[in-house]
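Q: Residue numbers (the working numbering), protein chains in the order written: chain Z, 1 to 128; chain H, 129 to 465.
Just so you know, not all the hints are guaranteed correct.
[As the list claims (entries may be wrong)] Using 16 angstroms as the maximum straight-line C-alpha spacing, the simulated EDC-like pairs for lysine to aspartate or glutamate come out as follows:
1. Lys44(Z) with Glu184(H)
2. Lys91(Z) with Glu261(H)
3. Lys273(H) with Glu287(H)
4. Lys77(Z) with Glu260(H)
5. Lys77(Z) with Glu56(Z)
6. Lys258(H) with Glu101(Z)
7. Lys356(H) with Glu56(Z)
8. Lys91(Z) with Asp167(H)
9. Lys44(Z) with Asp167(H)
10. Lys44(Z) with Asp163(H)
11. Lys91(Z) with Asp251(H)
[What the hints assert, rightly or not] Far from chain Z, some chain H residues (derived; all Cβ distances over 10 angstroms):
12. Val144
13. Arg199
14. Val264
15. Val337
16. Thr373
17. Tyr377
18. Gly384
19. Arg387
[As the list claims (entries may be wrong)] With beta-carbon atoms standing in for the labels, derived distance ranges:
20. Ser439(H) with Phe14(Z): 17 to 23 angstroms
21. Tyr9(Z) with Asn188(H): 35 to 41 angstroms
22. Gly298(H) with Glu50(Z): 49 to 55 angstroms
23. Pro255(H) with Tyr87(Z): 19 to 25 angstroms
24. Tyr87(Z) with Asp267(H): 20 to 26 angstroms
No wet-lab data here; the hints were simulated from the structure. Note that the structure is predicted; figures quoted are calculated from it, not measured. Cβ coordinates follow ideal geometry from the N, Cα and C atoms, glycine included.
Here is how the chains run, residue by residue.
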Amino acid sequence: MKRGDLLIYLFIIFMLLSSFLIYFFLNRIGGANQRIKSVVVEYKRQVFTEIPLPSEKRTVELKGSWGVLILNLDGYKIRVNPASPHYCPDKICMNQGWISEPPQTIVCLPNRIIIYYRGGAQIDGLTH
Amino acid sequence: MRRVFKYLPLIILALVIPFAYWVNKTEPRPETIRDFAMDTYLEITIYHQPGEAVLEEILNDFKLLESIFNRYDENSVIYNVNKNAFEKPVSIPSIFENLLQESIKLSGYTEGYFNPAIGPLVDLWRPIIKGEEDSVLPDIDLIKKAISLSKTENIIINEPDGQVSFTILGVSLDFGAVVKGYAVDRAFGILRNRGVDRAVINAGGTIGVYGSPPGRNYWRIGIQHPRKDGIIGVLNLPSTTVVSTSGDYERYNIIGGKRYHHLLNPFTGYPAEELVSVTIINKNGLFSDAVSTAVFAMGLEKGMEFLTQKSLSAIIITSDLQIHFTGEAERLFQPEL
Chain Z
1 MKRGDLLIYL FIIFMLLSSF LIYFFLNRIG GANQRIKSVV VEYKRQVFTE
51 IPLPSEKRTV ELKGSWGVLI LNLDGYKIRV NPASPHYCPD KICMNQGWIS
101 EPPQTIVCLP NRIIIYYRGG AQIDGLTH
Chain H
129 MRRVFKYLPL IILALVIPFA YWVNKTEPRP ETIRDFAMDT YLEITIYHQP
179 GEAVLEEILN DFKLLESIFN RYDENSVIYN VNKNAFEKPV SIPSIFENLL
229 QESIKLSGYT EGYFNPAIGP LVDLWRPIIK GEEDSVLPDI DLIKKAISLS
279 KTENIIINEP DGQVSFTILG VSLDFGAVVK GYAVDRAFGI LRNRGVDRAV
329 INAGGTIGVY GSPPGRNYWR IGIQHPRKDG IIGVLNLPST TVVSTSGDYE
379 RYNIIGGKRY HHLLNPFTGY PAEELVSVTI INKNGLFSDA VSTAVFAMGL
429 EKGMEFLTQK SLSAIIITSD LQIHFTGEAE RLFQPEL
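Here chain H stands alone, though its shape is the one from the complex:
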């Protein structure tokens, strides 16, 4: 017993030093920037100092993606592709080729419910959804024509030359559903290169949490209530994850008591019905974005079957506001009381 007491100061010191080190090590103060890019709101918080250079690098990458993938900007790569790729093959930068190929793969994975060639249908519905004056519901024959154009089979990638071409006139690419998730994945790459320990990237509602949370067990991500202000629940996430939600409340217009929103079913050519919100939880942002879009179009039965079969974590909300879970989602979800 006496020996223990003799060494007690040493024992205490041995306990205090690692503890003091640990306390001191925890938390560089978070730094946040908020800005706009890719036609959406961005918020980036990093727990790293100095943070400004990293924040600027991520923001600049978002702006680079916007300059390539904004299909309404006449100076963008995608605008040029959509306009000219039927007449002659168009040279594309490697980022474009990468996202196009990954998107075509994901289109196959989701049985065509996510579709990067959905541009013709989007163009048909856009005036309605934006609530433009004098806009009328699209004619069924136009919808049928647009469906036949909106096929990934109409796209040819010439890999050795880095070129893309279309097999018929009127094909049009649209990466609007996935570019935010893709941007989050790229931001994660920047964080890794820069040695940042933890960060939160909010790209217009697609949220990426990176690393372990600051001084607590979970990152907490709220899920928007689809029919009122505030949240329907919170996801508790222990480590790097991207959460993506597709909701019919985001961009829509109500005509004759019917809601016309931006999430189109590529097979019917109309806004998908039955579901009001789909949230996907995955390590990869591009994947989360593509699958949330696809499952929204699939509807409840087909969507649940697909998610269960692929062992994916998701939260599906139907129009009667019932919440359905797959995979790990129920365990991570905490309802808002």
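Extracted from the complex, chain Z is given alone in its bound form:
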């Protein structure tokens, strides 16, 4: 056993330990700090549109079988405009107001539209 061998072994052990640490760091800290990437609008299980976030303050018009649905964007905040002219008997989506982070969603049941965040998932579900 030479001095050089010992150094190599120590080096291997160091590499092992650091790979452990990097693995845990990426998994736990990195995983929890995921940024919100975008907002997704789904219609009948297909992505209808996806808008990168954060967004400047603006409105987006979504045209479809429901008419025109007006979406307000501001940073990470999203809402269906309360005066949106789209056809909706329930109007729950219009009255819901702003959502600001996952796992919040806006759901328009009559039109089968789902609006949700991609990325930033720190929570597995929301009970209500």
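Since the structure of chain Z is provided, determine the placement of chain H on it from the hints.
A: Only chain H this time, still in chain Z's reference frame:
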């Protein structure tokens, strides 16, 4: 000492192989579908590959339950039962018989505060709660009549023939309070059969987490703040659990400054007062759904007493936004700062 060094490469190898295996084994990428069934929003995430067939199977089961238990759909089993079971016994599929019997048991367990025969009261209040035009508050005599119809004693199950009948005209079943939790239980069964390790089932706010969480210690389930956007806190759950919440903010209409919501007290015939949100944490979804509905109607004192006596885990929020815990709930709860 020299011997140790001699075998060091072997020792390192012995450590690395299981570790590499473990790292490699962790996490198939999650797959999610979102859709609508049972008049609600569904979101299913499974950590399993390939996931599509399992996701479709669960979704199809939700749609099957909808076709049986949607009491507003003229083609559903429950619609047919509610319409005809007084005149003659109606044949029911085994799923229907199962949920009906389990619900009647849970009605007894909750001292009648959860009630699967509450249909007549629901029908009376529905136009108000939906905010339909020209809807007026129900007359007290109509409420009294509906209370007397809304009794599980009015239901007769003929087990050998798989039939159900009602003893008086006007009895009406409603599984709206529990069908989501029941669906989550059935989804868990599918996950078990398919050998899926972990999944999250969100059936319109009744959330089931299945298996151990992916690469961390806890599943994290947010609880809706009852009076504003966002969450009031998070539940940290280590393994398979169903969390169900009954809240007065879900479906309601405010008339003359008073909130009329969908959680009816089967004894008074009016929307239950005092509480704004009840969350139940349990292994079983049907149970969680039934008990959250029941405790909401019981109110604070009776509800706390019931939960403590039965050793159940729950989070109760009163109208002054005070949070009350029973069982393990306080330990699992992490307030949102």
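Q: Going back to the hint list, which numbers does this structure go against?
A: 3, 4, 6, 7, 11, 12, 15, 16, 17, 20, 21 and 24
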